[in-house]
Structure formats: structure tokens, C-alpha cells
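Protein chains in written order, with our numbering: chain A, 1 to 180; chain B, 1 to 180; chain C, 1 to 180; chain D, 1 to 180.
Hint data in this document are derived by calculation from the structure and do not stem from the laboratory.
There may be inaccurate statements among the hints.
Where chains are identical, the list cannot tell them apart; a pair therefore holds if satisfied intra-copy or between any two copies.
To be verified - SDA-like mimics (lysine to any residue), calculated; alpha carbons at most 25 Å apart, straight line:
1) K132 x A84
2) K132 x A105
3) K132 x A156
4) K132 x P28
5) K132 x A142
6) K132 x G25
7) K132 x L29
8) K132 x L35
9) K132 x N85
10) K132 x H67
11) K132 x A87
12) K132 x R26
13) K132 x W63
14) K132 x N117
15) K132 x G60
16) K132 x T64
17) K132 x M62
18) K132 x L66
19) K132 x A93
20) K132 x V61
What you are looking at is a predicted structure, and each value in this text was computed from that prediction instead of being measured.
4 protein chains.
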Amino acid sequence: MAVIITIMAFELKTPATANWHGLQGRIPLLLVYILSFTVIGIYWNNHHHLLRATHRISAGVMWTNLHLLFWLSLIPFATKWVGANHARALPAATYGVVALGAALAYFALVRAILRANVDDDAIVAAIGRDVKGMASPVIYVAGCGLAFASPYLAYACYTAVSFMWLVPNRRLATSASQVR
Amino acid sequence: MAVIITIMAFELKTPATANWHGLQGRIPLLLVYILSFTVIGIYWNNHHHLLRATHRISAGVMWTNLHLLFWLSLIPFATKWVGANHARALPAATYGVVALGAALAYFALVRAILRANVDDDAIVAAIGRDVKGMASPVIYVAGCGLAFASPYLAYACYTAVSFMWLVPNRRLATSASQVR
Amino acid sequence: MAVIITIMAFELKTPATANWHGLQGRIPLLLVYILSFTVIGIYWNNHHHLLRATHRISAGVMWTNLHLLFWLSLIPFATKWVGANHARALPAATYGVVALGAALAYFALVRAILRANVDDDAIVAAIGRDVKGMASPVIYVAGCGLAFASPYLAYACYTAVSFMWLVPNRRLATSASQVR
Amino acid sequence: MAVIITIMAFELKTPATANWHGLQGRIPLLLVYILSFTVIGIYWNNHHHLLRATHRISAGVMWTNLHLLFWLSLIPFATKWVGANHARALPAATYGVVALGAALAYFALVRAILRANVDDDAIVAAIGRDVKGMASPVIYVAGCGLAFASPYLAYACYTAVSFMWLVPNRRLATSASQVR
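Work out the full structure: start from the sequences and follow the hints.
Quick look at the structure:
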């Protein structure tokens with residue numbers, strides 16, 4: 001994930017001119033970059049807590065993990081497209097589709113880990129009801145739809161999901177640090 | 001391998017226009033991307049199972065490993081070329097040559113690991129007859145040839161190999177999780 | 001961080017012509033590259049010593065760590081812009097803003113680690129007063145301001161910070177090697 | 001180093017046309033890529049054996065390690081330039097300067113490890129006289145000079161160094177596997 005973040009950073013094209021006007025032209029791209037950085041940072045952090053609390057890795061876990069990586073690897077693509085066309089509906093909706101794919105893949109990863117550790121009460125209790133994991137896809141779907149009304153509504157939805165996740169699942173973090 | 005995947009993702013050029021027409025023009029590239037992602041994901045997964053079950057690493061293992069990485073590192077190149085010229089024979093055949101090189105390198109890596117662990121019955125039994133490892137190069141060669149009849153036949157061959165590998169070697173996965 | 005360094009290296013555009021004149025045109029970019037390489041190398045090295053001496057990682061440590069990565073991930077962007085416009089004030093000041101962000105993020109990371117290990121006398125003593133951590137932001141702010149007088153004064157400030165850091169915190173390095 | 005290799009692979013520009021003629025135009029770039037891949041693969045392999053046999057890491061080891069990484073990070077730059085101008089003297093000589101820098105940095109790294117482990121007879125004996133480490137810079141210097149007579153003589157020198165290194169230091173590999 002560090003690589004995905006850096007690749008995105010690499011895509012931050014330098015302004016065409018070396019003055020304030022040139023820098024201003026990069027502000028939309030910079031804002032989407034911050035959003036994408038936050039999204040990937042959240043997955044990274046939660047993914048880290050999740051795998052640390054996990055004792056058994058099945059083949060299913062590995063494949064769902066790759067599936068999550070697939071969607072995350074599309075985020076730089078979506079970021080770049082939105083950054084160049086932030087006022088257009090389709091790039092904004094595409095960003096939502098990619099974010100939705102990642103959210104569903106993360107949800108599936110959590111399920112696969114639960115299946116592989118079904119007899120481990122600690123991890124089952126720690127993951128708990130995973131309300132955020134269920135709410136995120138819904139909000140992303142809403143964002144995709146709203147993009148065709150106004151792309152800025154879509155960005156508001158995506159940002160809302162990020163804020164919702166910024167606090168990691170307290171129970172999981174606690175059990176993880178005990179496991180360590 | 002995560003890096004190779006991400007570099008490929010980075011090559012997913014954004015559509016020239018911010019509408020459906022622009023997105024459609026990226027569909028061939030996106031499909032080849034999914035194929036290449038699957039190919040690398042399969043190597044990653046099997047490679048992971050393989051090295052986990054391995055107790056001894058010889059210099060030969062390290063060099064065959066680098067050899068495999070060499071061919072995998074050419075996949076983004078082939079992906080990009082096919083993505084831009086999916087209806088042409090030569091890029092399709094080139095993709096097959098790169099995939100063939102990777103398949104032969106993986107086959108050699110398995111042999112090198114077997115040689116380095118010749119007295120370890122568990123790993124010898126786990127790798128077993130490696131039918132897939134022998135079938136893959138044959139299908140890739142067929143794909144290269146068929147590319148000059150129709151590139152789509154070549155893509156069908158490459159996709160068939162991926163489907164064949166999508167289930168990891170059950171015996172190896174089992175012994176690997178015991179080893180853990 | 002290895003990735004960030006390599007991405008920057010990748011941005012070293014080859015000279016337009018294959019002669020001395022072409023190579024000369026890349027010298028400013030090469031010098032900024034060396035500065036940025038040193039800056040990231042210093043963070044890498046100190047970060048390595050810091051985390052090695054740390055026994056407890058809290059959620060706060062992880063987030064401040066991501067925050068540091070965010071600013072470091074902008075360094076290739078700033079490097080590229082300065083490399084293409086080394087005689088202009090705004091790129092030089094922007095470089096300073098990014099370096100300032102990284103310095104403040106590192107400072108916050110050190111605080112977060114101290115908070116998480118408040119009862120560990122060894123680490124508290126090892127980090128000590130962190131004079132460099134407090135001096136760096138001040139010098140970077142000075143550099144940003146001086147960039148509008150002359151960008152070369154700004155580069156002098158940034159280089160001075162790097163020289164100041166090139167010797168790692170002796171006490172921390174010592175305690176780290178004992179911990180090992 | 002995996003990242004450097006992949007970045008280089010990424011720079012393999014796809015042929016301008018989808019036919020044999022287009023592919024032929026990429027052959028010089030592909031050959032330099034194979035040379036650079038081998039060079040980095042050799043450093044990777046020897047570096048791996050070296051660090052595995054090492055018991056103590058000093059600050060000096062870390063800095064010489066970063067210094068080696070600096071020169072290796074310039075190899076993609078040199079590769080790209082040679083690949084686009086393989087018949088010109090200056091790119092060929094520049095490649096040699098970068099390779100020379102890496103060879104000297106590796107030599108310094110070996111010295112730093114020896115200094116940090118001066119009382120460890122096993123590693124001192126394993127590294128031994130390091131004849132290759134001393135011969136490589138000499139051959140690279142010769143290659144840089146010969147580039148101005150004919151770039152192909154320079155490529156012959158660089159290739160000769162790679163062949164010389166392809167067999168890892170047997171004594172070190174042996175002691176490393178015992179250490180394991």
C-alpha cells in the first residue's frame with residue numbers, strides 16, 4: 001500500500017508554470033490526492049490491526065486479500081482522472097465505483113478471516129458487528145448516483161466515509177495490542 | 001510483486017475525455033490489466049505457498065527466483081503494448097512469450113527447490129508431479145502460435161492457463177499450513 | 001521510503017541530447033535529487049533507530065507515522081518542480097513547505113512515541129530534549145521566507161538542516177543497539 | 001532493489017508500431033535492461049548473503065548502505081539514456097560512472113561491515129580478500145574511458161564485470177547458510 005500511495009504522489013504533475021497561478025491549477029488534484037491518501041491510509045491501518053489479530057490464514061484469506069489489492073490498485077487511476085476533470089460526473093462516479101469495489105473486498109476479507117478463525121472467540125468478538133464495513137458500500141453507492149447530479153455531492157459522500165473510518169475499531173485495536 | 005502490480009495500475013492511462021466514450025476506449029486495457037493482475041496474483045500466491053513449505057534455500061534457488069522476477073517484470077511492458085494494440089498479432093504473441101518465460105522460470109524454481117530439499121520427503125510429496133507447471137508452457141506456446149491466426153485465440157489460451165491455476169495446489173497449501 | 005527514493009530517481013529525466021550540453025541541463029535536477037535523497041535517507045535512518053528503540057506502538061503512533069509518510073510522499077513532487085525551475089521563488093518555497101510538514105510530522109511522531117512509552121525511562125532518556133527536532137522547523141520556515149529574496153538562500157537553509165541531521169542522535173543509536 | 005528493477009521495467013517503452021519493425025527498435029533498450037537487471041540482481045544476491053552473515057550493524061553500515069542505494073537508484077536513469085542513445089559515447093560513459101559509484105559504495109559497505117565485526121573471525125574469513133570487489137571499479141573505469149573510443153567496448157567491459165560476479169563468493173555463501 002505504501003507503493004500505491006507513492007505512485008499516486010508520483011502522478012502529482014508539477015504545475016505548468018512556476019508561479020501561484022500554476023500552483024492553483026494543481027489544487028483540485030492535491031485535494032483528491034489527500035482524499036485517496038486518507039482512504040488508503042485507513043485500509044492500511046485497519047488491515048494492519050486486522051491481520052495482527054488473526055491467527056490463521058486460509059487460501060480464501062489470501063485471495064480476498066489480493067481482491068482488495070486489485071481495487072486499491074485502481075485508486076491511482078481514479079485519482080488521476082478526477083484530478084484532471086474534477087467538475088465532471090463520470091470521473092467522480094468512477095472514483096466511487098473503485099472505492100465501492102475496495103469496500104466490498106474489505107468486507108469479504110473480514111468475512112474470510114472470520115471463517116478461518118471461527119473457533120477463535122477473541123477475534124470474532126473483536127470484529128464484532130462491523131457496522132462501518134456494512135455502511136461504507138451503501139454510502140459509496142449513494143455517492144456514485146449523486147455524482148450525476150453534482151460531482152461535489154459525490155466527493156462529500158466519499159469524504160464522509162473516510163471521516164467515519166478515521167477512528168479505528170477500538171475493540172480490535174485493543175485485542176491486537178494484547179496479542180502482540 | 002506488489003510493486004509490479006502497482007506499476008501496471010499506474011500505466012492505466014486515464015481516458016482522454018471525461019465521458020462514456022473515453023471510458024470505453026480504456027476497456028481493452030482494463031481487461032488485459034485484469035488478466036495480468038490475475039497472472040501475477042497466481043504466481044504470488046503459489047510462490048508464497050512454495051517458499052513457506054521450503055526449509056533450505058540454495059544459491060540456485062535465489063538465481064532461479066531472480067530469473068522468474070525478470071520475466072514477471074516484463075509483464076507490465078507486454079500489458080501496455082497489448083492494451084494499446086489488442087487487435088494485432090505481434091503484441092498478443094509477445095505477451096505469450098513473456099508469460100511462457102515466467103512459466104518456464106517458475107518450473108525451474110520448483111526444480112531448484114526440489115534439488116535443495118531432496119531429502120525432505122514432505123516438500124517432495126507436496127510439490128508432487130506438478131502437472132500444471134508442465135501444462136502451462138505448452139498452452140502458452142500454443143497461444144503464441146495462435147496469435148498470428150487471431151489474437152483473441154491467444155487471449156483465450158492465456159485466460160485458460162489462469163483459470164487452471166486459480167485453485168492452488170491443495171497438497172502444498174495443506175503442508176504449508178502445517179509447517180507454519 | 002525506498003520506494004519514494006526510487007520514484008524520485010525515476011523522475012530524473014534523461015537529457016534531451018546525448019552530449020555534455022544535455023547532461024549539464026540536468027545538473028540542477030541532480031543536485032535537488034541529492035538533497036532530497038539525503039533528506040529522506042536521514043528520516044529513514046532516524047526513523048529506523050526510533051522504532052527499534054520503541055517497545056509499544058499505539059494507534060496514535062500509527063497515524064502520526066502515516067502523517068509523516070504523507071509529507072515525505074510530496075517530496076518527489078517538490079523535487080521535480082524545483083529541478084525544472086530552480087531559479088524561481090515559488091518552487092523553492094514549496095519545497096520548504098513540504099520539508100516543514102515532514103519535520104513537524106516527525107516531531108509529532110516522536111511525541112506520540114513518548115506518550116505511548118511514558119513509563120519506559122530508557123526511551124525517554126534516549127530521545128532526550130530533541131533539539132534538532134525543534135530547530136528544523138524553524139530553519140525550514142526561514143528558508144521558505146528567504147526563497148522570495150533568493151531561492152539559493154532557501155536551498156542553503158535546507159542543506160543546513162540536512163547537515164545538522166547527518167549525525168544520528170548518539171544516545172538513541174546506543175540504546176537501540178543495546179535493545180537489539 | 002526489487003523496486004528499482006520494476007521501475008526500470010516500467011521504463012521499457014512499448015514499440016511505436018505493433019509490428020516486427022517496432023519491436024526491433026526496442027532491442028537496444030531491452031539489452032541494456034537485461035544488463036542492468038543482472039547488475040542489480042548481483043548486488044541484491046551478494047548483499048543478501050553479506051547481511052545474512054553479519055551479526056552487528058553499526059551506523060556506518062547503515063550510511064554506506066544508503067550510499068550504495070543512491071548509486072543503484074541512478075541505474076534506471078543511465079539505462080534509459082543508454083537505451084535511447086546506445087551508439088553515443090557520453091551515455092555509455094555515464095552508465096560506467098554510475099556503475100563505478102555503485103561498485104565503490106559496495107566496496108565501502110564491505111569495509112564498514114568488516115570494521116563493525118572486526119572480532120568475528122567467521123565473517124572476516126568469509127569475506128576474505130574480496131578480489132572481485134577490487135577488480136570491478138578498475139574495469140568500470142576502463143569502460144568509461146573506452147566509451148569515447150567506442151561505446152560497444154564500454155558495454156563489453158560492463159558485461160565482463162557482471163559475468164565475473166555471477167558466481168557468488170562461495171565462502172560467504174557457505175558460512176551464510178551455516179549461520180542461518
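I want to check one pair: K132 and L66. Are their C-alpha atoms no more than 25 Å apart within a copy, between two copies, both, or neither? both (21 Å within a copy, 21 Å between copies)
Homomeric proximity label, K132 with M62: Cα distance no greater than 25 Å: Both ways: K132 and M62 sit 22 Å apart in one copy and 20 Å across, limit 25 Å.
Intra- versus inter-subunit Cα pairing at 25 Å for K132 with A93: within (21 Å within a copy, 41 Å between copies)
With identical chains, the pair K132 and H67 could be close in the same copy or across copies; at 25 Å between alpha carbons, which is it: within, between, both, or neither? Result: close both inside a copy and across copies, 19 Å intra and 23 Å inter.
First find the shortest C-alpha distance between K132 and N85 inside one copy, then the shortest across copies, and answer within, between, both or neither for a cut-off of 25 Å. For K132 and N85, the Cα distance exceeds 25 Å both inside one copy (30 Å) and across copies (42 Å).
Can you tell me if K132 and N117 fall within 25 Å by alpha carbon in one copy, between copies, both or neither? within (21 Å within a copy, 30 Å between copies)
How would you label the pair K132, L35 (within, between, both, or neither) given a Cα cut-off of 25 Å? Within one copy, since 18 Å is at most 25 Å while 31 Å is not.
For K132 vs A156, is the C-alpha pair at or below 25 Å within one copy, between two copies, both, or neither? Within one copy, since 17 Å is at most 25 Å while 40 Å is not.
Measure nothing new, just compare the shortest in-copy and cross-copy C-alpha distances for K132 and G25 to 25 Å and report within, between, both or neither. neither (35 Å within a copy, 35 Å between copies)
At most 25 Å between alpha carbons: which applies to K132 and A87, within, between, both or neither? neither (29 Å within a copy, 44 Å between copies)
With identical chains, the pair K132 and L29 could be close in the same copy or across copies; at 25 Å between alpha carbons, which is it: within, between, both, or neither? Answer is neither; intra-copy 27 Å and inter-copy 33 Å both fail.
I want to check one pair: K132 and V61. Are their C-alpha atoms no more than 25 Å apart within a copy, between two copies, both, or neither? both (20 Å within a copy, 23 Å between copies)
In the structure shown, a violation is registered for the earlier hints numbered 1, 4, 6, 7, 9, 11 and 12, in ascending order.
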